[in-house]
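Residue strings, one per chain:
There are 2 protein chains.
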Amino acid sequence: MLKERATQFIQKVKLTGGLLAERADVVRSEVLPYQWRALNDQIPGAEPSHAIENLRIAAGEAKGEFHGMLWQDSDVAKWLEAVAYSLMTHPDPELEARADEVIDLVGRAQQSDGYLNSYFTVVAPDRRWTNLRDNHELYCAGHFIEAAVAYYQATGKDELLKIMCRFVDHIASVFGPGENQKRGYPGHEEIELALIKLYRVTRDRRHLDLAKFFIEERGRQPHYFDLEAEARGEKPSKRLGDYWYHQAHMPVREQTTAVGHAVRAMYLYTAVADLALETEDAELLQVCERIWDNVVNRRMYITAGIGSEARWEGFTIDYDLPSDTAYAETCASIGLVFWAQRMLQITPDRKYADVMERALYNGVLSGMSLEGTKFFYVNPLSVDPEICKGRYDHHHVKPTRQGWFGCACCPPNIARLLASIGQYIYSQGKDGLYMHLFAASEATFAIGGSRVKLVQQTDYPWDGTVRIKLEMDAPLGFGLNIRIPGWCDDPKLVVCGESIVVTVPQDGYVRIHRTWTSGDEVVLELPMPVTKVWASTRVSDNVGKVALQRGPVVYCVEEADNGPNLAELWLPADAELRVEMDPVLKVPAIVGQGVRRVSSSDALYTTERPVDKPCTIRAIPYFMWDNRGLGEMRVWINDLTK
Amino acid sequence: MLKERATQFIQKVKLTGGLLAERADVVRSEVLPYQWRALNDQIPGAEPSHAIENLRIAAGEAKGEFHGMLWQDSDVAKWLEAVAYSLMTHPDPELEARADEVIDLVGRAQQSDGYLNSYFTVVAPDRRWTNLRDNHELYCAGHFIEAAVAYYQATGKDELLKIMCRFVDHIASVFGPGENQKRGYPGHEEIELALIKLYRVTRDRRHLDLAKFFIEERGRQPHYFDLEAEARGEKPSKRLGDYWYHQAHMPVREQTTAVGHAVRAMYLYTAVADLALETEDAELLQVCERIWDNVVNRRMYITAGIGSEARWEGFTIDYDLPSDTAYAETCASIGLVFWAQRMLQITPDRKYADVMERALYNGVLSGMSLEGTKFFYVNPLSVDPEICKGRYDHHHVKPTRQGWFGCACCPPNIARLLASIGQYIYSQGKDGLYMHLFAASEATFAIGGSRVKLVQQTDYPWDGTVRIKLEMDAPLGFGLNIRIPGWCDDPKLVVCGESIVVTVPQDGYVRIHRTWTSGDEVVLELPMPVTKVWASTRVSDNVGKVALQRGPVVYCVEEADNGPNLAELWLPADAELRVEMDPVLKVPAIVGQGVRRVSSSDALYTTERPVDKPCTIRAIPYFMWDNRGLGEMRVWINDLTK
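Going down the list, the protein sequences come from chains A and B. Sequential numbering from 495 applies to the first sequence in the numbering used here. Sequential numbering from 495 applies to the second sequence in the numbering used here.
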């Protein structure tokens, strides 16, 4: 039943221009080469990653000590995965040869029993699989599996795939319901979604079963993390409580709210959605839908940042969304894109695509500087550099993007998402083609036995006009299902020169069913007025404040445009807001007449009401903040009612 | 010169009724007996203090191990000090006998060389004076000295005074500028102010010199905390940076802003003011004035809470005053009262008395429940119990007062302040009598050779009428200098039945110079309308918000009166605010027509502006919050301009 209505996302979509193409180009030209040098310790001044050297030592080809995090291998895996996506649309024999060499090395670092992890091979072979709660063996395995699948899909080469299948065989021998097996599962989810990706390529049922095992065992009693701690001779130490940090506080099927570490949570829910689809498990889908509702209607920033508490990099309670102490890790928003895509795959409904798009254009893109050389882990919605320096509870908030990180999870995660962003635009099902995102691009579909090429021309998200041209060998009847974003009130549609009265159905997809001829054109107009957005008044931090959005892009005010003390800015309810091209950022800025409400004296407390002075308020896209020097930033502006 | 204008505070002032008398009665009837049982481990269910037993072990009269904090002795000292103040105005032979026994025990715990500290005597005699940065030997000594002075003043008994003079002789032999002496000073200031108190009783110049030595050495290079760390064979570990936590980042004379741990800072500045006065050091006074300005005009909550960061329980940067993550330790506001009193002693100016009063009626009184059985360390200005539970960065904020603490610094500090609060009302100088605070009380002054009795009748701070009756044997000419609080715009004064046009001078003290006759009466009327207070717009957390104050009392809204989600409440600019007696709390509540602005849908983000619904807003005195069950509380209410 689930498979019946599900659609398949189309992989080989080539971006031809516009914001996403430009961001993906930056990944190819800056991030991947930089990351390669980082993995090989060739960045002067940066903490050496040692990741490639670790594999060499594990392979017995170099001497020395392991360096870096327990999960240092995963940096290599994510690089390989991003390279694979890049090769899919941008062949590069030199890059491919380099990747092949790394894959060879990975193969040589694999142990004879199939085990693969440079830390445990080099440092602690006797401690393999003894602490799933904290060690990241299965996490690293998951990332290598994802890389293997992507590389196979991109190049047809299956060396890494075979390496990983051997490793999975080993894992499946250690973990399972059998008498001599461990009933364990990873402290950091990741392998579950990777195993289902693998299954979709291998169709080897054991790969799906292992994913299912990990998901179903999670949170059961007696608790595996307790048992393995006892086996190590330790007291069960529950980080921050009853394993909710790991989403292992209860069986997955009983979970109703998003808890704990946000990235782990996203990777788990993504896998649960995949498993629901592959096993036609309606109950598991309901679990996902329930938690989805909780996340997007109670625990998500307007930027689709998630995780409002730094201590556990994750979720707290409903409506607790402070702007300044947000965690909103770039990786968590990326995870939300993954999960949204899986939900959308099962149920084509814009409520998923809207969130996917919100995450992409806000919480994800903000993670990387325009040049592609600096990165945010944490994506706050309000920043005062002095406060970041002066307060301990703001120390996690960096007021400017950082060069690289000892724990370099976010930059390679952005790289792999942006390198594959074309894969999120279209899906295909028995109702025809689904168009979820708007981006200048070319894609080819097989419908029945025929090939259909679809060309999008647009400057989205800056402009709401999307021209879709269809090319095919012979006329063909199929449905074209186009998402009307939730933010758009007044879409216009012209199909082959004919204006159509658009009635947006509940699920947000306008369905055009007809016999198409090569050269047919659909023009979609999504008007993009400046929109004011209010948060629920239950979000105490946002009470009395308003945010500006245009299309899917959330805006912010920066000190560079508005001077310091942004908290003093007020946006009058009747302020006329116009859009003008920013001369530096080359994107639409929002400009309007505002008010600066300031104290009339230097007193800290006074019985005199502050006075209002007119000022200009200028807002820029949130994801572009911190590209013009250090300063304050705010998404939520004081709302001046009359 | 400084001594010329300075006044002396009058100690034996008996409170006869009203709020302060009632709070002091609660200290006598509840806190002191409770604390005595705590010191003797007689509280079922509470962590044993072991403080008395520690002294017995140190005296060689009991066997066993030391328990508790390094500074456990100071709990005994603070109890003795509070008992002394109580005995000054409320003789109690049984209590005095008990105190005498404790003092005997302290004497027996003193070592032959004068050293006194149960931890180092029992646990680590070889580590005496090796870590002034972290250990609290001088801190404990300071509290015992304060107790000794108070007990001597209260009872005339000098046993503890002699014990402490011997200990001070020992300390003065260890520390000083001599070749074989240590140039150290305490990591937690306290002994400095205590030594000056001691000097004022003994007039032994060495006591003053030792205080001066500790203050002048502080923060000099080479840094003593580095040197002693090296001597211990440790690397200099600067807690949170360059010793600013200890106010030892630079010499005291160079300091310009309040930094680090707020209680330590207050105790230091109090001592510096005392030293300035005793040594006629105008430069040191300027240091105090500079830092005072910084605290009260940049770094103080409206409640006179200080310390906005939990990590170091102290100061951050100018205008950083978040309501919900405030530390605002009760002890810090008590320290601010001490410091304000010393500044006021040197310079009679209401800017000091206003802050002293603000601290007393808000940040200090809030530390203790109405019954006197529960206490706050941390005094936030906004509380949501769910957030306190759900967020790590709010874990220091308890949404309800606690029974007792392992580190029980605040409860005994409240006890000693309230037991001695009469000592803050009057001072006397060559200009006559100064009346700084208003409280029903009786006090006797010696003016020239004559005795003058002054009786205040008032229900302050709930009512602004203060009747002052003078009694004396024969007519006498002297000045009566009455503070007109900064919050009062329109004071009225009737002297011996005659209305006087009040012109408030710059320093805020109305001076009535005349020949007084017994039975003369002065009636002061301080009108107490409900006042709206705005914070500087530089305080980003308070932008768009307003606080209510009546007289010196800051008000707050509580869930008990206003329901949950207090962030949704708005106070219209034109709302009529009336005062009515609260039937439960028996004090004036502020009531007015407000607005609850709520979302019109369940959506987390929406393009629909929230809607306003009329509601009643009811505010109660801030210090009385959390006496009617668990719930939200807010001082700053949204300000609805028209």
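None of these hints come from the bench; they were simulated from the model. Don't take every hint at face value.
What the hints assert, rightly or not - Straight-line alpha carbon distances no greater than 20 Å define the calculated PhoX-like cross-link-like pairs of lysine-lysine that follow:
hint : chain 1 : residue 1 : chain 2 : residue 2
1    : A       : Lys963    : A       : Lys508
2    : B       : Lys883    : A       : Lys732
3    : B       : Lys892    : B       : Lys508
4    : A       : Lys651    : A       : Lys506
5    : B       : Lys883    : A       : Lys883
6    : B       : Lys506    : B       : Lys883
Since the structure is predicted, the reported quantities are computational estimates derived from the model, not experimental observations.
Okay, the hints, checked on the actual structure:
no. : hint                : verdict
1   : A/Lys963 x A/Lys508 : holds, 15 Å
2   : B/Lys883 x A/Lys732 : holds, 17 Å
3   : B/Lys892 x B/Lys508 : violated, 34 Å
4   : A/Lys651 x A/Lys506 : holds, 17 Å
5   : B/Lys883 x A/Lys883 : violated, 26 Å
6   : B/Lys506 x B/Lys883 : violated, 45 Å
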